[in-house]
Amino acid sequence: MSKIETKAFIQERFAEYYKTKSSNIQPPTRMENREFAFLIFKEKIMLRHKGFKNAENLRNLLKNVAPSDVYYSSAHYERPEEEMEEKGWLGADLIFDIDADHIPTPCNKQHDTWTCNKCGATGRGPPPEGCPQCGEQRFDDKTWPCEVCLESAKEETIKLVDVLTRDFGLSSDEVNVAFSGHRGYHVHVENEVIQTLDQVARKEIVDYIVGVGLEPQLLGVEGGSGPNLDDPGWRGRIAKGTYDFLNTATFTQLAEIGLKKSAVKTLVTQRARVLESWRDRGPWKVLKGVGSEGWRRVVQKAVEEQSVKIDTVVTTDIHRLIRLTDTLHGKTGLKKTAVAISDVEEFDPLKGAIAFKEGVIKITVSEAPKFTLGERTYGPYKDLEVELPTAAALFLLCKGAARVAEEIVHV
Amino acid sequence: MLVAATADPRVKRTYALAEAKRVSNQLKEENKEVIEKIADNFNWKLKTIENRSSAPSLDFTLRFTDFVKNAATIQDKKWKLINRILLKGEVYLTKAEVSRLLEEEVRRYIEGKLETKVGELPPNLMTRVERLKQLFFQKRGRTGWEEAPKEIVIMAYPPCIKSLYDTLSSGRHLSHIGRFTLTTFLVNIGMTVESVIDLFRALSDFNERMTRYQVEHIAGGRGSRTKYIPPRCDTLRTHGVCPGMDEICKTIRHPLGYYRRKIRVVRAEAPATSRV
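For the protein sequence lines, the chains are A and B, in the order given. The first sequence begins at 1 in the working numbering and counts up by one. The second sequence begins at 1 in the working numbering and counts up by one.
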């Protein structure tokens, strides 16, 4: 099948999904105040400024149009169908996007590939600064969701939920977590008071979560009662981050954060004393030879470790579009899946987000790394015709890594 | 009413600030009950700390939303949420700090009130309004924000702009906020729309029509007619655009402020041509 036919094939599968499953799709709260938007398969254009009065109308559109992606506005408007300037902004939910793209992961993203725009050289992992062959600095990159990436994103999500509930005092029914359907998680906060916050106020919340502007002295570092492990909020996080770092840091790691030689030596040779100091008021005043600047650097490192890696632009944007839960992701064929806060730890997105559970499809794979979906592991494949369960096949088709060979079974 | 009638934003801002300061000074003398009542008027969720054994120097807790609404515009680092104790949605504060935050609330309240349009007033009142304006400008000087000098001085770019500029000229990818920051900066220091568009030509995904539309929009030439300015320094820090501060950065809050200041330094260092 050609590229175009493959696209039409994917759309047919999406249409089937919406025909059979759309009754499960719940509209967002206050749906009549939201803007809806749809990415259309064929033209790859965004249908925007749509409004719906009830869930049935929305579901009918999904069945009839079978879009590749479905979004709604985090904002509420008086007139959601008007142009931006005319909409009449009433407020917006607070949303967070955690995506593997923003997190350094232990897999080093070896499953991602890049192609040099100039000479066509290719490589694995995130694109380099300059092409090793021709020095070019522009690349096309292909990304994959792997278990390691998704696990890292999940860890950040758990950290975020912890900050939101403990520090910000939000209740578990105000904080909604969902797997995005691709490489990360969305956390969506709906709270009466937060809704009306402007961008400046939201920026303060973002800075708190990512650890920007933290002033160690204002949080008691070097003061009489330095931050300790059981302190709440950032005081506790500074202590925990410092504890973790100093407990294991090597000479090189300590030198890397810019500590003086003498300070490095003190911290390594007196590790036992540092450890002991946490029983009392922490190491801040115990050690001679680290100094203000030294502690500042250690704390900076601790903050980096403890900060939550969110996309800062998304959270400060008060007009953002966000994917609707239980709709399909056009890049994977997986569905955006809500996860109860208590289940996040156990949740496996590569099982829980599978939308197509029946049938098989025969496809020709151009190239794909080894990947896991459901109970099975697939690949790596290169120029190979294979018959795969619908979800795995659609995943490769949506990724643009394969085309349809022939449809065998279609339930 | 007289102040509202001047219809001058600077007169209004100054008046609102002065009134707010007056209120805040009075509040410092008041007891906690009075402060609680006033906070309640503005729908703040403010609570007195009953058990002060754990936090002896702190008097109140305030819902974080009320805190950020009012503290976000105060510059000192101690007003950043991250440098406060935040627990279960409550920020811990002293009485003096609550008064300072109320000052912000009062200032915005008065500014809001002054937004009302005052119609034609009797002539004797109008003379008074004019007199008020004159007095204000005599004291303040009319200039306000200096116009940026016309020629472009690349040496005076702040570190963030320098880095964005270098990235773009070498054809590397810039984030959306990076592009916005660079474009607004260049347009505001007087670069022409054409020259800005030319800079973007180095990008592989350059699309003249789209770029022109966006740059013209930012320059205030299309649709909304608003001319945009670059984000402030702390916003650039939030989004990871700030590459780290130099000495001048420590004295300013805005990339355009840096440019104005640095230009003076650059000029002062340039050899005077008139001397023989």
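Watch out, some of these pointers could steer you wrong.
[Claimed, not checked] Which residues of chain A face chain B? A partial, calculated answer using Cβ under 10 Å:
id: 1; residue: Lys118
id: 2; residue: Thr122
id: 3; residue: Arg124
id: 4; residue: Arg166
id: 5; residue: Leu170
id: 6; residue: Ser172
id: 7; residue: Asp173
id: 8; residue: Gln199
id: 9; residue: Lys203
id: 10; residue: Leu219
Hints listed in this document are in silico derivations from the structure and should not be mistaken for laboratory results. Yeah, the Cβ is synthetic: ideal placement off N, Cα and C, and Gly gets one too.
For each hint, the structure was consulted:
The interface hint given for Lys118/A is met, as the beta carbon of that residue sits about 9 Å from the closest beta carbon of chain B, less than 10 Å. Hint status for Thr122/A: violated, given a least beta-carbon distance of 16 Å to chain B, over 10 Å. Given the 10 Å rule on beta carbons, the hint for Arg124/A is violated: about 19 Å separates it from the nearest Cβ of chain B. Checking Arg166/A against chain B by beta carbon gives a least distance of about 7 Å; that is within 10 Å, so the hint holds.
Among the interface hints, the one on Leu170/A holds; its C-beta lies about 7 Å from the nearest C-beta in chain B, closer than the 10 Å criterion. Violation of the interface hint for Ser172/A is found here, the shortest Cβ-Cβ separation to chain B being roughly 13 Å, above the 10 Å cut-off. Taking 10 Å as the C-beta cut-off, the interface hint given for Asp173/A is violated, the closest approach to chain B being about 15 Å. The closest approach between the C-beta of Gln199/A and any C-beta of chain B is roughly 9 Å, which is under the 10 Å cut-off, so the hint is satisfied.
For Lys203/A, the interface hint holds, since its Cβ comes within 10 Å of a Cβ in chain B; the closest pair sits about 5 Å apart. With 10 Å as the threshold, the beta carbon of Leu219/A comes within range of chain B, its nearest partner Cβ sitting at about 6 Å, so the hint holds.
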